[in-house]
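Just need the whole structure built from these sequences, with the hints factored in.
What the sequence shown shows, in mature numbering (1 follows the signal peptide of the UniProt record, and there is no 0), is residues -22 to -1, 1 to 142, in sequence order.
Check the hints yourself; a few may be wrong.
Restricting the straight-line Cα-Cα distance to at most 20 Å, the calculated cross-link-like pairs of lysine-lysine (PhoX-like) are [claimed, not checked]: (1) Lys38 / Lys66; (2) Lys21 / Lys100; (3) Lys39 / Lys66; (4) Lys101 / Lys32; (5) Lys21 / Lys104; (6) Lys38 / Lys104; (7) Lys101 / Lys39.
Simulated from the structure, these hints should not be mistaken for laboratory data.
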Amino acid sequence: MKLASSLAAALLFAVSATAVHAQEAAPAAPAATAPAADVWNYKTRRLTRADIDKLVASPKKVIFLDVRRPDEIVSKGSWPVFLNVQVKDIEQQLDYIPRDRQIITVSNHAHRAGAVGDLLAKKGFKVAGAAGSQDYEAEGGTIVRITAPVRQAAAAPAATAAAQ
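In structure tokens, the structure reads:
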């Protein structure tokens, strides 16, 4: 019995010592880091919901230029009326962007919109600022979500000829 107790104590000591050593030798877990700050590196002003709502109060003086891809507009939403020119096409489409209105450039969180706003300002456009549709919605603004049109399969040529 004494031997069993001594053996159990020795085994417990060995396991405990190993566990303590493993804790000491284990690398420290990385400290929790705060999310990266949302750094704004653009000359174009970043618009808040209040800024946008004030600009929209004069609809004939402003235009929303959404620079996102169509799939982003469908999934994230946008304003009810906007001109869509993707970032990659801005330089080629400058002639189609109205110069007689203040432009609010739009992307999800305003960063692409800020870059496009800077480019448009250099080209002589009146840029009111950059907006993020998701930021606007997070601040309590209403964003419109559209449903992508469903593509219908093309009718077979024989079926089309028979119908005529």
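Here is what the structure says about each hint:
no.	hint	in the structure
1	Lys38 / Lys66	violated, 27 Å
2	Lys21 / Lys100	holds, 10 Å
3	Lys39 / Lys66	violated, 26 Å
4	Lys101 / Lys32	violated, 25 Å
5	Lys21 / Lys104	holds, 13 Å
6	Lys38 / Lys104	holds, 14 Å
7	Lys101 / Lys39	holds, 19 Å
When each numbered hint is compared with the structure, violations occur for hints 1, 3, 4.
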